[in-house]
Amino acid sequence: MSLREVLTPFTAWKHVLDAPVTIPDPIGREAAERYRGFHQNDMETCIGCGTCEAICQNGAIDMVPVEGQVTEKGDSGLRPMIDYGRCCWCALCVDVCMTGSLTMSNEYTWVDTDPDAFRFIPGLEEPWKDKEAGYRREGGRELSGTKRSHMGELAPALRGDNFSEICAGFTREEAILEADRCVECGLCVATCPAHMSIPDYIAAVRDQDYDRGLQLLYETNPFSEVCGRICTHKCETSCAALHEGDPIAIRWLKRHIIDNVPMERRLELVGGAKPANGHRVAIVGAGPGGLTAAYDLAREGCAVTVFEALAAPGGMMRYGIPEYRLPYDALDRDVAVIQAMGVEIRCNMRVGRDIALDDLKRDHDAVILAIGLQMGRGTRIPGSEGPGVEKAVDLLRRITAGEDVPVPERVVVIGGGNVAFDIARSMARLQKATHGTVGVTLTALEDRAHFLADAEELIEGAEEGVEIIDKRGPQEVMRDASGAVTGLRSWAVTSIFDDQGRFAPAYDQADERVHEGAMVIEAIGQMADVSLLGAELTEALDWNRGRIAIDAGFRTSEPWLFAVGDAVKGPDVINAVADGHRVAQSVMERVSLQEGIS
Amino acid sequence: MRDLHANLKTRHALGPFEPRRANLGFVTVPAERLRGLLTELRDVHGFTHLVLLTAVDWMEDGLFQLTYLMNDRAGDRTLGVRVMLNRDEAVGEDMHDLWPTAATYQRELKEMFGIDFPGSPRVDEEFILEGWTDLPPYRRDFDSLAYSQQTYAERPGRVTHDPRAHMKSKLYPEG
Amino acid sequence: MKDIDERFQKNRDRTVPLREELRPRTVTTPDGQEILIEPLKDYFCEAAPKVHPKAYFQIVENFYNWARANSLWILGFGTGCGAIEMRPLMTPRFDAYRYGVQWRPTPRQANLLIISGYLSVKTLKRAIRAYEQMQGPKYVIGLGSCTINGGMYWDSYNTIKRLDAYLPVDLYIAGCMPRPEALLAGFMELKKLIRAGKAEGANKYAENFATYKAAQKSVIKDWDMPDYNW
Amino acid sequence: MTPQPGFQWIQILYALATLFVVLNYGLLMTALVQKIAARVSGRHGIPIWQNYVDLVKNFALRSQISHGVMYYMGPIFRLSGGIGLLLFVPTIYGLPWAQNFSFAGDLILALYFVFFGTLGMALGAGESGHPHSAIGVSRGLSQTTAAELPLALAVYAIAVQYHTLNIPQIVAAQQGGIAHWTLITNPLATIAAMFAYVGTMMRAPFDVVLAPQEIPIGPPTEYHSAYMALMQTNRAIFPVAKTVVYMNLFFGGASNWLEFALKVFALYLIPAIIGVVHPRFRVEQSIRFFLKWGLPVGVLAILVV
Amino acid sequence: MLSFQPDRSQYPQPGPDGRLEVDLETGKYLKLWQGPNHPGITGNMSVELTVCGDEVVEGKTHVGYLHRGFEKLMERRTFIQVFPIVCRVCVPEPDFNEYCYAAAVEELAGIEVPEMATWMRTLILEMGRFNSYMMFLGGISGSLGLGLVGQWMTYVRDLMLDRFEELTGARIYHMFILPGGVRGHLPEGFAARMEEVLQTAEKYLADVDRVMFSNSVFRLRTEGVGVIDPALFERFGVTGPNARAGGVVKDVRKDSPYLVYDQLDFIPASGKDSDIFTRVKVRRADIDNSIGLIRQILEKMPKSGPVMARLPNVLHWKIPRGETYIKGECSRGEYGYYMVTDGSGYPRRINVRGPSYTHAMALLEHLIPGTNISDVAALMVSLHTYPPEIER
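Residue numbers (the working numbering), protein chains in the order written: chain D, 176 to 773; chain F, 895 to 1069; chain V, 218 to 447; chain R, 1062 to 1366; chain Z, 242 to 633.
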């Protein structure tokens, strides 16, 4: 113990003169820029998907309805309520948030005598609501994938001259990757007209349990082959993953399930119909609405007969949608399952020509009209009457039926919907096969961003050589002296709707163009052919703007007659399927009621 | 490591060697050969450091797995020695004379899994829990959340809504 | 998160045997009397505290409350993680001493018990004992999520979920864990409560003693503890 | 040498006045020293009036429990030790009303009072039944005894030096400048006494009696509420009183309140300065320390005289 | 000189089951509890002492006050959900848990971590080690009554916590090392502000050297006290600074380099005497190591690059069956996670191997008998034990 050792400790006393390092006023001191403090939520961006609740390992988050937040497609109207009696500020909820609406401020002081006060809905009126500083996740959403999984497609060069199916469907690996991205929020279910159990069957893909997946599909939709290919997939527009990445490819996953269950296994999984109950139902039209109703009713034990005017069942699915989007054998497999339920489909039986509606009424307990929209609408512009101007639906039907259609070197299509693209791309294929070149011009009133057709139609159409010209209003079909079509004259569109939102296109007449072509195809809409009803019934039925009026149960004003599908509602296959279920339910109600009486 | 395994394999009736990394592997040994193996590893092969002793509950198979993790610092090798015990009457062999620290692990295993180690000091004394009356909590058939809910008062008043069901009730209640 | 196993039923039949010296017994006193003593009841957990009235004159009570507010003596009992944020308070950066906050090593001299987070059943027993040893008026602050509704240990078999079922809590501070600054804000809030005469947890505990004890006993099976173990 | 006044009733009032001054001074000074020590750590420390608030708070606590009569008496003994010590030494040399009862007491009585409080406390704390108190008491008694040894020797040395045990006379002998202080005239005795002073001020390295990290916090573990308040009062008075004794014996006393304040503060600061930068001795280490360093110096002081 | 050594032969001897026969009725012995509410105890644990005079004849460590059943809770949580709770296992140095857990998951799931993230992880771990040592110095000085050092060290630790806050967004539980990488990049100007903290730390540490290590009283209290015989190291599983203080230079960072330690330059501190003083001294030297390492990392680390690997959707993340053990050198010794997966979305079992488990239980109980009551706190602190990692 040297003297030095005794004395050195006292050197510490030099600090007595230093100013204290104490923070003068620590209460409420600003925390660091990225501090994970109290939550904030942007109410407008939040979609109430509940992913934050799912990931919270503390069970701190409840999804609750909030005044002012409306439940609508793609937004559950729920908002997270956080229990600060549970939260640990790990910010996993922020990291996983699908929209990036949930963030954290760097506020951290909350003192209260009431333990129940520590539950709050961020985004309402907390004092730190608009604070800028605080934890924001670095980069984008990383805890669930943002990029859609790759899927094989035929290259434009390989598909341009034939009707082979373009999409290969997911491989198992691709499907698992894609299914893995789903967060199972279930927002899509409300948007799907048929309310399919989307998250559940995606989970089945993830678990590689295709049997379970198929059963889930058939619970709500007997047309999975079809919908797995050509569904308008409105579900994907309300997918939570859409907000900071690609939406989940729900349609392709559906197709993936059906692709992976062989036909015989499907029948096994779906199971047989209930024992016959003695009721007989006639359905006019073997489209998606009619066949879905037929499927449901047959499973309930009814004897169902479907009368189809054309040579094969499927309606627009067969005669409207080109083969490259929906191969006929895929449709056939769906129809086969339906037939296996005991549904009798009688083709080439046009009601009103081959059999009278009255006969149907007499022989059956109920009749469902599912006649669809088979007649194309015309533009009624000068020159549109006469040869060389075709309706898209007619042409498509003829192509499917294998009839010869004229294939000029240049064709003009009027319309910007899926049908317009179907015919444009079909004609392009025929031209390529016949002439080796493509000469299709597609004109539409809308601008590119607002085309009614699916986005991939525009891309793929362009890839296949279709010239897409937006914002053109057709004015006249030009004909030469011989009356042969030479082209279409059009004006530029300045607006489509008037102030009241009514359809009233306005044109810039100075911007006039002539689209050259030996054929003009009108694809601007369809209408139903209701001639089969006969005058008496037409008179007796209630009508609504040219369509047969129906109630929520798809009952017409005649108790024995029901109507479903595009003819009364539209607009696509999945809606027809959803309505098919509903009309079947109504029919069942009616026939069981009759049973009670008799 | 593979050489070591080949060397010991027949003498100690070892199972196949399962490498995880270059310096980490696992091997299974019958319960009755354990002491011999551990002693040889410790005294001959330089695995002097008992890193940890713990158990894994393979309830479905009716087994407890005891893992003795042994480390040879000089050679930077770690060997996990696994012993499978019958879950219904799990009795392990006391190793506290080889490593005094093993007594602590064994006390914990007794309390948390119910695996007995006869002869281990203070093995029957309460270690972590106090006044515990239920199943040993680390067993798989003990449900922590259920126990918690049945025991501790929770603050009432929390309700959550499933987005899917909520949207159904709001948008399409009929079907 | 794994779903709850609905079949699981907690074992309610088994009880913990009492230590020999805690069992009720009769003893003969030196003067020949026979008395029955029940240690558990007599000096562990069932000796009910008294409700203490406020000072007769409001002005005196106000003065006392002012003094109580400005002399908060905290029991240095780190019951959980939050204790680590108490240390900065005692040290230069935050220096709570300047606000009249000090730490005492023994519960007898402390007025403020800070439950710094989760309480395992084993610690709950000690915390209750420490609380009962403190002299009134005494205050309890619950730190962080765990004291409010179980926090991140909400599904643990060994931690309580809500502190106010077992002890009267005056104040909660949100956080996991709350920062020292938030703790200071909590102290200031507690001072306000004390000055306003609203921090009467000790009396609340005495008034509802039976309720608190019942809750404590439903959780703590084993009341065995040495005389001077807190 | 000033004439010795006899006892008059007014002196009781005077003594109370002194007590009041010393109490307040003690409360403020201990807080100030705490603040200074806190500065070394780099913080502000308690507000200067904190001791008052604590005192009121402890009196204001509503509940208290007792462990028996001796337990109850403990703080009272302690306080009377402090007050007794103060009352039998002159606070200010030459100031008539601050002479207390110094005419009646002498150095031996003062030393008795130093021990009195400790012993009383020991009995009371022992009664509390807390093992930490008991250990603290046994540590405290053995350490204080060892620490007081050099003081006893120093007192013996100055008694020999000044041929009296009467404190006023010892103070009187040191008047007339710093050169007359015992510090200069008998430095060895002063050093020996300072060993005892530092050793009994309950600061590191000699605070193992209270060591919170080992036996929180020693004898007063079980004391609370008003008991605690009494002890706090004592803690304000006793160190000052003790310092006054040392000041009178070795540092020439104080002839006015300012000198008193400065000298007491300076003396009080010594253990604080040492304490802040040292850990504590174990009890047997501190005893050994006193016996090894304090005792020889004391013996030497006597020999020199 | 006086001898204070009592006659050991009078003390009770442990029976074959390790239990001591102590008859408290004789009045010769006293039961003394240190903790859980006790300023001399680190964290919420307790040591039950049987004392005879000032000498301890038996010490039993009691833990479980902080038991939350982590290993059970982890089995109930998905792989991402485990991430926020692991750090709670050890309060003063939480990052090590995050690293070990993340590394175990990455190894079993076969995830490659970007290089930038490994540097960031090393940085975080060294900052955590620094903080843990600051707590240690405060603790050991406090337990000996030298509160001043504790005040300074807590201040310095606070400054480092500010850097933590700025980097990770939290003060204590950083939750920054995520399976797959880390959560963010260095903020702008971080290195400069870190350098400031390190310089302040060095200034204070120089003062600590003067007040503590050249303090005769401190040396008297710690030299030759609490000696662990190096021959016992292997049997008691002594690792880290405790072993290094006894001349066994064990350091996982050197023995089995992980993260980027093989690219960094440092020499693990070591000593010979294996007493409290050497243990403190070794840790003091390791602080200098940490400071140097932090500087090296900030200098050598890449300036940009991704910090997260591509993870599968964490909401249904499954990891194939396997088991592994990940270890590292934390401030107290070898820290490890033993993890078993069974192919489901939940870990089958995770066992946390904290160095305190062996240090504070078997070793402490072995060391306590024969020491003075006053030394128990210092002895325990000098082993640098944190109760939460014993009971988890």
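Hints were generated in silico from the structure; no laboratory data involved.
There may be inaccurate statements among the hints.
What the hints assert, rightly or not - Below, in silico cross-link-like pairs of lysine-lysine (DSSO-like), each with a Cα-Cα straight-line distance of 30 Å or less:
| # | chain 1 | residue 1 | chain 2 | residue 2 |
| --- | --- | --- | --- | --- |
| 1 | D | K744 | D | K409 |
| 2 | V | K219 | Z | K559 |
| 3 | D | K322 | Z | K559 |
Note that the structure is predicted; figures quoted are calculated from it, not measured.
Status of each hint after checking the structure:
1. D:K744 - D:K409: Measuring from Cα to Cα gives roughly 17 Å; hence the hint holds.
2. V:K219 - Z:K559: holds, 14 Å
3. D:K322 - Z:K559: holds, 20 Å
Of the numbered hints given earlier, the model fails none.
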